[in-house]
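Next come the chains, spelled out residue by residue.
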Amino acid sequence: MNKILLGLLLGTVLGAVDGGTAYFTPAVRAMIVGIVIGSTFKGLIAGIAAGIFARKVNSVPLGILFGLFVGFVLALLVALKQHGYYFEIILPGSLVGMIVGWATQKYGAGIQTKQA
Amino acid sequence: MKFLNDKAIERLRGSSIPDLSGTRYALRELIARGGMGVVYAAEDEKLHRRVALKVLDTAGTNAELTQRLIREARILAQLEHPGIVPVHDVGTLPDGRVFYTMKFVEGLRLDEYIKQLDSIPQRLRLFLRICDAAAFAHARGVLHRDLKPANVMVGSFGEVLVMDWGLAKILQEPTAAEETVVVSSQKKISSEEETQATVVTGHGTVMGTPGYMSPEQERGETEQIDARSDIFSLGALLKFVAASSQDRSERLPRALQAICAKATAKEPERRYESVSEFAADVSRHLDGLPVSAYSENVFEKLARFYKRHQIAILLITAYLVTRFLVLYFFHR
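If you read the sequences in order, they're chains A and B. Sequential numbering from 1 applies to the first sequence in this note's numbering. Sequential numbering from 1 applies to the second sequence in this note's numbering.
What the hints contain is simulated information worked out from the structure, not anything from laboratory work. Glycine included, every Cβ here is placed at the ideal spot set by N, Cα and C. Worth double-checking, as some hints may not be accurate.
[As the list claims (entries may be wrong)] Now the stretches of chain A that chain B is said to cover, found in silico as 3 or more residues with beta-carbon under 8 Å:
(1) 5–11
(2) 72–81
(3) 97–108
[What the hints assert, rightly or not] Take a look, some chain B residues computed to stay more than 10 Å from chain A by CB distance:
(4) GLU80
(5) LEU289
(6) ILE311
(7) ILE316
(8) ALA318
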């Protein structure tokens with residue numbers, strides 16, 4: 001499995017799980033479907049970005065930092081749109097980005113080079 | 001304490017400087033002296049490159065030593081591998097002495113180089129490259145029989161080269177006749193000296209270096225010597241490499257101790273079957289995987305699992321804790 005596909009799958013799954021935790025917050029339980037879809041999409045984008053980065057840069061610390069950055073920016077955009085829940089969205093979103101960033105560096109096949 | 005210079009040692013030993021007239025080589029300096037021959041730095045005047053020239057120690061025609069040197073050159077010529085010093089040429093000097101030339105390796109002996117490597121993984125990766133060369137030689141039916149730190153050179157670009165194949169044994173060849181040749185003590189001129197004890201036994205000759213030669217080699221049981229004998233030497237080498245940490249308080253991991261113990265087991269049948277199997281265990285240890293030489297308890301398995309997946313465990317734990325705190329404190 002290549003790094004982009006790995007990032008896409010992992011980001012999607014983790015995004016969905018992260019969004020699903022909103023179920024435990026009674027105030028937003030009614031909007032759970034929208035939250036899960038949004039979070040899944042956020043995870044998917046973060047995963048693809050981390051996968052592309054991992055193909056270009058081979059460094060676990062930089063991969064984690066990149067994941068943190070992408071996760072933070074996407075979560076910040078969502079939180080700004082929500083006009084609230086900054087900590088609840090940004091903190092776990094950034095951590096999900098870090099996990100995806102780490103996984104894409106550690107696993108998945110890089111660019112295949114042609115052999116003469 | 002006063003040290004003798006090379007010239008004084010030459011005079012005391014009564015050996016003559018080789019006459020290279022009529023050859024394409026010009027003598028430069030003495031590099032090392034072995035039991036059978038002397039290694040000089042020489043200049044290949046045709047190709048304008050520096051080579052190492054090994055020649056018999058003394059003038060004269062000792063047929064057995066001559067044959068042995070030619071044989072060593074031929075063995076080296078067969079072993080074309082990045083980890084084995086390549087031979088360039090073989091010939092006879094005007095005084096009748098046989099010589100051969102090989103790559104001049106600019107670098108440090110393993111025992112000197114290893115001091116520059118701080119971490120065990122770095123030292124193990126270097127050791128694996130020695131294993132590569134030994135495994136290649138074994139695959140070609142050649143045993144080194146004198147693997148030790150002084151016989152491994154690390155070049156200026158980090159290349160690892162196994163040197164001094166003077167005691168090598170070809171597994172397919174009948175050995176009884178040739179093993180009666182006495183190969184005497186080997187001594188390097190430079191720094192810490194390593195002496196190679198030699199004892200003639202009833203059915204063979206003890207060849208190797210104490211501490212690095214297998215018990216069967218020590219007993220002179222030449223017919224018993226096989227790849228596992230080199231594995232013993234590699235095990236001793238691994239102990240040396242792994243324990244040469246600058247931080248003496250650093251204890252070797254138990255799995256690594258077990259790998260060393262298995263490789264240096266007294267009985268050959270308790271050792272690894274092949275260098276590849278041995279190297280695979282060292283690689284597995286490097287990768288944080290279980291090794292065949294050591295059965296871990298549950299706590300050791302958990303510790304190894306944690307060490308191997310430390311970042312993932314920390315990230316997932318951080319996520320779960322954050323999620324829990326967010327849910328617990330912000331939305332009660």
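*asked:* So, against the hints stated earlier in the document, which numbers end up violated here?
replied: As far as the earlier hints go, 1, 2, 6, 7, 8 are violated by this structure, in ascending order.
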